[in-house]
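Trainee: Model the full assembly from the supplied sequences, consistent with the hints where possible.
Chain residues, written in single-letter form:
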Amino acid sequence: MGTQEIRYFQVGSHAVGNRLLDPGQRTVQSDPERANALTCGHRACQGCGEALGARYVVDAALRATAGRLVAVNATGCLEVFSTPYPETSWQLPWLHSLFGNAPAVATGVAAALRAQGREDVRVLAQGGDGGTVDIGFGCLSGMFERDDDVLYVCYDNQGYMNTGVQRSGATPPGARTATTEAVGDAPGAPFGQGKDVPRIAMAHGVRYVATATVADLRDLEAKVERAMEVRGARYLHVLVPCPLGWGSPAALTVRIARLATQTGLFPVYEARDGEVTGVTTIRRPAPVEEYLRPQKRFAHLFSHPSGPAALARIQEAADRNIRRYGLLGDGGPS
Amino acid sequence: MARKSVVIRLAGESGEGVISSGDILTQAAARGGYWTQTFRTYPAEIKGGPCMYQVRMGEDQIYSHGKWVDLLVCFNQEAWDLHWDSLASDGVILYDETAVEIPDEYAPRARPVRMEKLAKEIGGSLRAKNMVAVGAVSGVISFDTTPIEELVLRRYAHKQGVADANIAALRAGGDESGDLKGSLEITKAVEVEADRILLSGNQAIAAGAVAAGLEFFAGYPITPASDILEWLSAKLPQVGGITIQCEDEIASISAVLGASYAGAKSMTATSGPGLSLMTEMLGYSGTAEIPCVVIDAQRGGPSTGLPTKTEQSDLQHALYGGHGEAPRVVIAPITVEDCFWATIDAFNYSERYQVPVILLTDQGLATRMEVIHKPDTSDLELWERKTAASVGDGEYKRYELTQDSISPMGIPGELNGRYVSTGIEHDELGHPAYTPENHVAMQTKRWAKLDPLKTDLVRHELYGDEQPEIALIGFGSTYGAVREAVALAKAEGASVGAFYPRVLGPFPADQVAHFTANAKRIVIPEVNFTGQLARLVRGECGLQVESHAKCDGLPFTADDVLDVIMERVPS
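Residue numbers (this note's numbering), protein chains in the order written: chain A, 1 to 334; chain B, 1001 to 1571.
Hints may be right or wrong, so weigh each one.
[What the hints assert, rightly or not] A partial selection of chain B residues facing chain A, derived with a Cβ cut-off under 7 Å:
1. E1013
2. S1014
3. G1048
4. P1050
5. P1221
6. L1229
7. E1230
8. K1235
9. E1247
[As the list claims (entries may be wrong)] Within a straight-line C-alpha distance of at most 30 Å, the following computed DSBU-like cross-link-like pairs (lysine-lysine) qualify:
10. K1047/B to K296/A
11. K1386/B to K296/A
12. K195/A to K1159/B
13. K296/A to K1445/B
14. K195/A to K1047/B
15. K1449/B to K1235/B
16. K195/A to K1235/B
Calculated from the structure, these hints are not laboratory results.
Built from N, CA and C at the ideal position, the CB exists for glycine as well.
Mentor: In structure tokens:
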């Protein structure tokens, strides 16, 4: 009689799997001592992916540093919804710099800690995609290049949401925003533009680069934990759906984030010293339509004459990711 | 007796229909033939937080949003708590029956409206709350709702069910005003003049730029200037221009200067924090003599400040910001209509004098909706750049010292397009040159070319007495409130007038001296902390002035200014 390997699909979650793990391996959010660093009562919209992602990231970083952590925050939704009195939500030293300079300000904080021999206090910098890929990009590149001891986390909701949903350098092609209206021959954001910052970080030789989404929160926490084991510049890029800007139902935030990965449009991987060292493979492949359809920002792709061609190009991009990162687990980097 | 104008304030939680109610009411009032002006405050948060939308409408042209509220509509308790003290002595209140408790002393002039209940019953969701509220307001002021129904039908042309539900909610709301119905009856508007349009300050600027021949716009989202970028993203390509969204403000103004160097009329728009980032390029623009137009919709500062509130605190930055001394022009439009004309002026000055021109508006003016006469552009005069193609084949000097200090500007690809353009101090040919004589000659030339702007070439605004005893000097968006206050004070016999320099740099010192020749008191109302215009007038004119500065993030009202005037009238 053969033996069958027992598989605990929910290992690490709140449910059954936690009982079977060492306390140190359990999800941070299941830890009664968790920091709740972004505490409840803040003013994010219903279904905000960024609020969810930031809570998991900061709590994980706090546990990894035994509570010795400073957060530097760029201007953006996260800063705006978490700070107004009396709903101020941060439970750690937290510095709002300006829009484009969080990486440089974090560099300064880390340098001061080193100069004062307090290197046990670690530095986390965070911003949205606008503050990261656009206005803050120069400072971010400098921080990478100097290998400053900062973990920079980009919460990517693919646009400037708190100023009224304008395009950013991370807005995907075809998406409608206030500055890429669904008008003209090629409605929505143009193809062939935008920045892939995780790969740009890898090109800097950054020690630890990872991508994650709010669909796999244990993976997100684990990546923060691994990032905090490393000294020097680190970069984490988290896809966080935005119901307001994407025109998606608030209840579908996690599902849409999962579809982004299952279609191949958002590859989830880890890289060390510029080389991909691990990918999260796609468990249930899905065509890009399944991801795009619930989002009103893509609605014109399903009615405009140019829609089919645009959908085909988006599918091509997804297929390219699947090949490049071996997302179907059939070769490629693993 | 019917009123000539009413002030309506809608207040509640951002996201529950306050802003949309105000917008509907404003558009309907404009279509119904009334003059209107609006003012709104909203939180900087994405959703939630207290917001307020004030609409003033009347049969005569309206210059300010009004201080005392005739009709207060409270969507929640906080709205009452925040706004009850703005009620006029005979002001009335409509409130959501489930959400608000009104103190007994106000009960006689307050009526509950079943906003949630009716919205759910008729519209099937809370979304129709705004229509119930607008209906109730229309009832109180006896406003014929036909234009509202037309707007609804147009907006939901393809969704008959939604349109019907909205109209039913509107009519049901009308009955909710109960015995207050008609209590604030507004005089019937005269025949609608065909040439009236409803615009915000930002829209007027974007339209003015297109009228002036804008070919290239680059910008970066920032409250409260983003609508200019959004509007031009959609519209400028339709008239053959190009709009790009850059990665930050430094890139925006740099792209603008690149485009201008290559011969296109170019503009960017931002707010204070963005202007800070652009400052180095303003100096470059002034020194390399490359024209550009920069819109600064000021917001509360300093630093990130009050992103959704109004302030006039970038004046000194606009005039002097940056290292060294590079020339620039600063214009402050005074009304929504003037935003249109001032933008055209900005391009004219910029192109003719080859300088950066900064146009200072503020959150109040940028987001204010105002009914204006449609600008008549049939006699529009556009000043074009002095180019080098006409110079001929001889020796071309990009920075030639000329009679009027304006040098012909070469355009790459055209005759005489080959020269060195640089922000390093340069000689007439553009070659870097550091001699004392050259630096003096070039600084003199760069500043002297702006001298005509100190003359009658520029239209400033004067309201009231030409040489009053009580002289008010202001700039920008405060004009409407000050104008109304001056009219009221004159009606009481005061010798009073207001002077509004539309160009603040170069400063019209002679015109101010003329205006203040008989003044016993010179008062400077402005929305900032340190009294920047007062300091400017003292410095430029050597006058003793009284600063009346406030920085609460809110615009002046006519009543505020009237108090300031009447306190100074000799008894």
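Trainee: All hints, please: hold or fail.
Mentor: Going down the list of hints, with the structure as the test:
1. About 11 Å separates the beta-carbon of E1013/B from the nearest beta-carbon of chain A, more than 7 Å, and the hint is not met.
2. Contact between S1014/B and chain A, as hinted, is not supported at the beta carbon level, the nearest pair being about 10 Å apart and thus beyond 7 Å.
3. Against a cut-off of 7 Å between C-beta atoms, the interface hint on G1048/B holds, since the closest Cβ of chain A lies about 5 Å away.
4. Hint status for P1050/B: violated, given a least beta-carbon distance of 11 Å to chain A, over 7 Å.
5. Residue-level restraint check for P1221/B holds (minimum Cβ-Cβ distance to chain A is 4 Å; threshold 7 Å).
6. With a least beta-carbon distance of about 6 Å to chain A, the hint placing L1229/B at the interface is held under the 7 Å criterion.
7. Using the Cβ-Cβ criterion of 7 Å, the hint placing E1230/B at the interface with chain A is satisfied: the shortest such distance is roughly 5 Å.
8. At a threshold of 7 Å, the smallest CB-CB gap from K1235/B to chain A is about 10 Å, leaving the interface hint violated.
9. At about 4 Å, the closest approach between the beta carbon of E1247/B and any beta carbon in chain A falls short of 7 Å, and the interface hint on this residue holds.
10. Using a Cα cut-off of 30 Å, the hinted pair K1047/B and K296/A holds, with the two alpha carbons roughly 19 Å apart.
11. Annotation: proposed proximity of K1386/B to K296/A is violated, straight-line Cα distance about 49 Å (limit 30 Å).
12. The hinted pair formed by K195/A and K1159/B fails the criterion: a straight-line CA distance of about 40 Å is larger than 30 Å.
13. With a CA separation close to 56 Å, the supplied pair K296/A and K1445/B exceeds the 30 Å bound.
14. A C-alpha spacing of about 29 Å is found between K195/A and K1047/B, which places the hinted pair at or below 30 Å, so the restraint holds.
15. The suggested pairing of K1449/B with K1235/B is violated, with an alpha-carbon distance near 34 Å, which exceeds 30 Å.
16. In summary, the hint linking K195/A to K1235/B is supported, as the alpha carbons are separated by about 26 Å, within the 30 Å threshold.
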